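**Student:** So you can see what is in the structure, the chains are spelled out below.
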Amino acid sequence: MRRFGWFNATSLTLGLAFLYLPMVILIVYSFNESKLVTVWAGFSTKWYGELFRNEAFLDAAWVTLKVAVVSSTIATVLGTMAAQVLVRAGRFPGRTLFSGMIYAPLVMPEVITGLSLLLLFIAIGLDRGVFTIILAHTTFSMCYVSVVVSARLATFDRSLEEAALDLGCTPFDAFRSVTLPVIAPAVIAGWLLAFTLSLDDLVIASFAAGPASTTLPIKIWSSIRLGVSPEINALSTILIGVVSAGVISASLISKRAMVLRAREERQAEQG
Amino acid sequence: MATMPANEDFAPWDDPSARALITFRNVTKRFGRFTAIDAIDLAIYEREFFALLGPSGCGKTTLMRMLAGFETPTEGAIELAGRDIVPVPPNRREVNMMFQSYALFPHLSVWDNIAFGLRRSAMGRADIAARVEEMLRLTRLEPFARRKPHQISGGQRQRVALARSLAKAPKLLLLDEPLGALDKKLRQETQFELMDIQEKTGTTFVIVTHDQEEAMTVASRVAVMDHGRIVQVDTPARIYESPNSVYVADFIGDVNIIEGTAGASSDGPNLAVHWAEGQQALTGPARTPLAGGQRCALAIRPEKIAISGDRPGGMHNVVQGKVLDIAYLGNVSTYHVELPTGHVLKAQTANTRRIARRSHTWDDTVWLSWSDTASVVLPV
Ligand SMILES: Nc1ncnc2c1ncn2[C@@H]1O[C@H](COP(=O)(O)OP(=O)(O)OP(=O)(O)O)[C@@H](O)[C@H]1O
Ligand SMILES: [Mg+2]
Chain D
3 MRRFGWFNAT
13 SLTLGLAFLY
23 LPMVILIVYS
33 FNESKLVTVW
43 AGFSTKWYGE
53 LFRNEAFLDA
63 AWVTLKVAVV
73 SSTIATVLGT
83 MAAQVLVRAG
93 RFPGRTLFSG
103 MIYAPLVMPE
113 VITGLSLLLL
123 FIAIGLDRGV
133 FTIILAHTTF
143 SMCYVSVVVS
153 ARLATFDRSL
163 EEAALDLGCT
173 PFDAFRSVTL
183 PVIAPAVIAG
193 WLLAFTLSLD
203 DLVIASFAAG
213 PASTTLPIKI
223 WSSIRLGVSP
233 EINALSTILI
243 GVVSAGVISA
253 SLISKRAMVL
263 RAREERQAEQ
273 G
Chain V
212 MATMPANEDF
222 APWDDPSARA
232 LITFRNVTKR
242 FGRFTAIDAI
252 DLAIYEREFF
262 ALLGPSGCGK
272 TTLMRMLAGF
282 ETPTEGAIEL
292 AGRDIVPVPP
302 NRREVNMMFQ
312 SYALFPHLSV
322 WDNIAFGLRR
332 SAMGRADIAA
342 RVEEMLRLTR
352 LEPFARRKPH
362 QISGGQRQRV
372 ALARSLAKAP
382 KLLLLDEPLG
392 ALDKKLRQET
402 QFELMDIQEK
412 TGTTFVIVTH
422 DQEEAMTVAS
432 RVAVMDHGRI
442 VQVDTPARIY
452 ESPNSVYVAD
462 FIGDVNIIEG
472 TAGASSDGPN
482 LAVHWAEGQQ
492 ALTGPARTPL
502 AGGQRCALAI
512 RPEKIAISGD
522 RPGGMHNVVQ
532 GKVLDIAYLG
542 NVSTYHVELP
552 TGHVLKAQTA
562 NTRRIARRSH
572 TWDDTVWLSW
582 SDTASVVLPV
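Residue numbers (my numbering), protein chains in the order written: chain D, 3 to 273; chain V, 212 to 591.
It is worth saying that the hints were derived from the structure and are not from the lab.
Please note: incorrect hints may appear among the correct ones.
Not the full set, but computed from the structure, chain V residues with beta-carbon under 10 Å of chain D [as the list claims (entries may be wrong)]:
#1 R276
#2 A279
#3 V297
#4 P300
#5 R304
#6 S312
#7 G328
#8 R331
#9 A372
#10 A378
#11 K379
#12 Y458
#13 F462
#14 R506
A few chain D residues that don't get close to chain V, going by computed Cβ distances all over 10 Å [stated by the list, open to error]:
#15 L14
#16 M103
#17 L120
#18 A125
#19 G127
#20 E164
#21 A166
#22 C171
#23 G212
#24 S225
DEER-style ranges, computed between Cβ atoms [unchecked claim]:
#25 V/E353 / D/A156: 33 to 41 Å
#26 V/S364 / D/I114: 37 to 45 Å
#27 D/G131 / V/S332: 45 to 53 Å
#28 D/F158 / V/A288: 53 to 61 Å
#29 D/R258 / V/E353: 28 to 36 Å
Remember, predicted model here, so these are calculated numbers, not experimental data.
Where is the CB? At the ideal position from N, CA and C, for every residue including glycine.
Chain V with its partners taken away, still in its complex shape (with noise of 0.2 Å):
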């Protein structure tokens, strides 16, 4: 599912002399007595493709809007390339954002919705042309160029909105959203065609997305947030490995969560987990210490659980069950496998021969198993 980000030596978050190009310094958004960002502090490195990620509601929008220079923080200071921005009124930032809900001018066509931005800067009428070209070009709206935004469709008018925002190349683009109305297909060349700007122009991505797949894919870095607070902050492939929460892990691709006491000692990063009566403990690396007999869970991804008709041998990590369902979704079938404790485990199989070979089938017996360094075990 993750995919390496395109340069795996870029990461100035880990170098400490590395200057972010913003920081937010404990940033609280209340309206009125609602608290929609919580405290928040986060840096965000120039050409960074920065992802936020959380469920509806959790303040997304709210922390573009703040950088965009339409909300103010109650507390707290933001800062653009080592500037205070937060007087700084919206026009004047060299930030462009693409709203959520478009936003784009009924009365102008999409060539001129387009070279709006364009035709406030000091560009010269040519320039403007050739780049409102390009913009149409990249987004594929060529024949649509004449026709006002009520004469086209939902997934138009987002990539309307997407070239609108890009055409100033600014330093710094907020996207809320970008990709939500297109399908599947011309979702995953955007990200592509999103990646290669980013890559040629440098410019910083900050993007909003409901979609798991989108961040993993186009994230330099991934923010899980959560009622205005940022829970995990880390590379994609960290996020979904290794996760710091139950919530993230949750948040994040599909998981098994099976809660227990942690165990008294460990050898070496590993650590017991007694999950239920008379069954043998699990094993895995936990994320931060634990003391022995405190609560904690252990998550386990689907596609790393092994399903096989007879016991293996030489694993810690050996459960069995029976088969209470399973889900063919193509090129991965999911089993969902029923322990004698209750617990329903999800493992998750390549479907490498015809469904019609299937080795396992429903109300069979069968054995789980995963190595030790498969899962992570996290407090609760």
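Bound-form chain D, shown alone (with noise of 0.2 Å):
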């Protein structure tokens, strides 16, 4: 710390406190014995143990764990297919258009997007449930997969795939036993961004969502509405933990791949 100074180590503490103080307070409320939020009364794990034994929560879980996985499955392969023709097809009529709108829901605001899929649903007569707010996640994540594959498709060798082609392989063979396993770190980070994106999603998810289907995220806040409760405080620190650890692993696994790569092209230079 001595080598900051002063001035940056204060910078810093204070940037992280602005940053992680109100999470740190969550956590450590969510092991209050106390109902009373604010008042510290000795360590417990009971609210985690109420949080088990409440089906509305136990149901909004598992409603947004199925949408996650599925949204974010789906986010994937769309995404991927998408990266693939934006970086190989070349210069073809309508590219700069097509690229662009993939990447507008990036900077869509989440409002619009969702109330715009709101009034497709209404239109097309879709009922709002599980699959509407699958379909919407789909929508709005396909984009950050598509972002994360096609920077590392742009640094993919093609002439792989060309020798692929000479050995025999159909164009989806060799995308399938060569493309795909070179860029496979990308695609799995592209998986777990999607995933945490879903996990999280409010605004898009509120606009997507029936009455008879409720995600996480739309539960709690409904019902901090009534009042913050030190369930909801165990809840959250739980879903703090798993997208944490969905962010983690994906940087991981492309830091990773990436001091691969530059290890193996290291390598191949000098020969």
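Now that you have both chains on their own, put them together as the hints suggest.
**Tutor:** As structure tokens, then:
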């Protein structure tokens, strides 16, 4: 710490505190004995026990998990396909428009995405429920996957695919047996990203969800309007754990792949 | 330098009734406004070992890629065994290519890389294993079979790429600089190995190389390319002995080029070349008929020039000069001799004696001479 100097040390502390103090407080109070959220009465895990006996929360958790797994999987397939087209197809009429349309949801306000999806569902007479949440989450997380995968594809050696074709693969077979294994770390990172995005989405889910299907973020949001209970703290702590595990492993996977690739390239140069 | 191809009777290109395996008909390839291949006509026959030679960027890889199916000609047609192959996708062509960049699959072991193509054919498991082992033995990669491509050396990687392309024993094999990363000894062994494979399997090879000696050793015919055009296609011996242009003469091996004007009349096939004021004209056979007074160049290989201390008798082509430099290359020495006209000629002699007993040394006045048929007169 000494070599930072007092100014840098203070900035760092303040910045980190600003970012993480609310979460730390939340986590600490999830282990509070007292029912009163703001009064510390000793350590206890009883709220976690309560939580697991609460049917409504468990239902919501199950819906959330289903939505996250299914939507991130579909988003990964579609996003990878879009990335393949963007990076590989070279120039075709409307390419700029296509890539713009793929990336637009990244910057589109969530409220607008949610609202437009809602209007669409109503227009085509689709009953809102788990299925519509999955559709909505696939739509917005697909572009994140596509960004991650196309960054990897841009540095992928095209001649590997050509070699596969040359040795008798069909284009699909070449993609499956050569391209996909090589870019797998990026695809997995994309999936994890989509998964965590879906897990903690509130805005879009609340547009797409129906009365019978509630996701955890919606459940939390609606129950704190009746007052914050320590149960919510416990639930949020678990969510924080899952989300950070997802994000950290996504970044570790892509970092490890990058290090490996750098090492291979170095070795290749040295011959 | 030039060794004759193994089978001297093999010359389908001289046989008008022979059918070519590959035919390029007026093929042009453009990338945007850049012309990489410029109206090429070419016939390659079955069982040939055809070498493409030319400076970097002249279109060798592009020509190969059109044969493999990765590029489509902008104009013209390519036929394989009489069938137009332009619309056939790469995976349906009985053609395998060894990539200049090797293109090894990084996630597969050496063994699996070599087996990759075989697994996509109708071959059974046991046959695949046997074939892979055979390829490993051939390329001496047995100790590395289980390693990944990033765990082996550059030369070993090149051999994996070679083994992978050979494994399927295709009708036509395209090798893009297959031996560049190998040391001289291993390269020569692999060259003979390739020629052997070719003898045994009857596969047709098209090979790109930057090494003329390699082209001379392995090829049945050589095509010399320049800026997307084919300048000359001929047997290695004819390319070397009788190039059709100064470009080819200069590109293949070492050569002295003496520019001048053609003499009025020729005695027999020989033409006199007036090359400097007050000097006796030099004579040599003309590659193409030249009119008197036309600009031309006499090309003479250094090893065909004799060097002596006294004026040799009975020769038309004799010049005198001073030794400027001597390059000792082990088995031969190259003398750089400056003529009074300012020309510098290279003459090569075999080192049959120890260097200490060399008969000519720096600044000695020497005579250079060569026979009438040793040189060739080319248009410029
Ligand atoms: N896809 C492409 N787009 C544009 N230009 C290209 C493309 N591929 C090749 N070229 C150009 O075509 C020319 C011929 O390239 P090619 O790769 O065939 O050369 P080469 O003879 O194989 O050279 P080297 O000996 O260096 O491998 C080069 O000038 C190259 O820049
Ligand atoms: Mg090349």
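**Student:** Work down the list of hints and note, for each, if the structure agrees.
**Tutor:** Hints and how they fare:
Hint status for V/R276: holds, given a least beta-carbon distance of 8 Å to chain D, under 10 Å. Interface restraint check for V/A279: the shortest CB-CB distance to chain D comes to about 6 Å, inside 10 Å, so the restraint holds. Interface restraint check for V/V297: the shortest CB-CB distance to chain D comes to about 16 Å, outside 10 Å, so the restraint is violated. About 7 Å separates the beta-carbon of V/P300 from the nearest beta-carbon of chain D, less than 10 Å, and the hint is met.
Nearest Cβ of chain D to the Cβ of V/R304: about 8 Å, under the 10 Å cut. The hint holds. Proximity of V/S312 to chain D holds as hinted, the smallest CB-CB distance being about 5 Å (cut-off 10 Å). This hint holds: V/G328 has a C-beta 3 Å from the nearest C-beta of chain D, less than the 10 Å allowed. The interface hint given for V/R331 holds, since its Cβ lies 4 Å from the closest Cβ of chain D, which is under the 10 Å cut-off.
With a least beta-carbon distance of about 9 Å to chain D, the hint placing V/A372 at the interface is held under the 10 Å criterion. Taken as an interface hint, V/A378 checks out: its beta carbon lies about 9 Å from the nearest beta carbon of chain D, inside 10 Å. Taking 10 Å as the C-beta contact cut-off toward chain D, the hint placing V/K379 at the interface holds, the least distance being around 7 Å. Look at V/Y458: its Cβ only gets to about 31 Å from chain D, farther than 10 Å, so that hint breaks.
Hint status for V/F462 relative to chain D: violated, with the closest Cβ pair at about 27 Å, above 10 Å. Hint status for V/R506 relative to chain D: violated, with the closest Cβ pair at about 45 Å, above 10 Å. Every CB of chain V lies more than 10 Å from the CB of D/L14, the least distance being 39 Å, so the non-interface label holds. No Cβ of chain V approaches the Cβ of D/M103 within 10 Å, the least distance being about 27 Å, so the stated non-interface status holds.
At roughly 44 Å, the least C-beta separation between D/L120 and chain V is larger than 10 Å, which holds for a residue marked as non-interface. Non-interface call for D/A125 relative to chain V: holds, since the shortest CB-CB distance, roughly 43 Å, exceeds 10 Å. At roughly 44 Å from the closest C-beta of chain V, the C-beta of D/G127 stays outside 10 Å, upholding its exclusion from the interface. For D/E164, the shortest C-beta to C-beta distance to chain V comes to about 5 Å, within the 10 Å cut-off, and the non-interface label is violated.
With a cut of 10 Å on Cβ distances, D/A166 falls inside the contact zone with chain V, its closest approach being about 7 Å. Non-interface status of D/C171 relative to chain V is broken: a Cβ of that chain comes within 10 Å, the nearest being about 6 Å off. No Cβ of chain V approaches the Cβ of D/G212 within 10 Å, the least distance being about 44 Å, so the stated non-interface status holds. The non-interface label for D/S225 is consistent with chain V: the shortest C-beta to C-beta separation is roughly 48 Å, beyond 10 Å.
Judged by the Cβ atoms, the range 33 to 41 Å given for V/E353 and D/A156 holds: they are separated by roughly 37 Å. At roughly 56 Å, the beta-carbon separation of V/S364 and D/I114 lies outside the given 37 to 45 Å, and the hint is violated. Here the CB-CB span from D/G131 to V/S332 is close to 50 Å, well matched to the stated 45 to 53 Å. At about 33 Å, the beta-carbon gap between D/F158 and V/A288 misses the expected band of 53 to 61 Å.
Range check, D/R258 to V/E353: Cβ separation about 31 Å, and the 28 to 36 Å hint holds.
The structure fails hints 3, 12, 13, 14, 20, 21, 22, 26, 28 (numbered hints given earlier, in ascending order).
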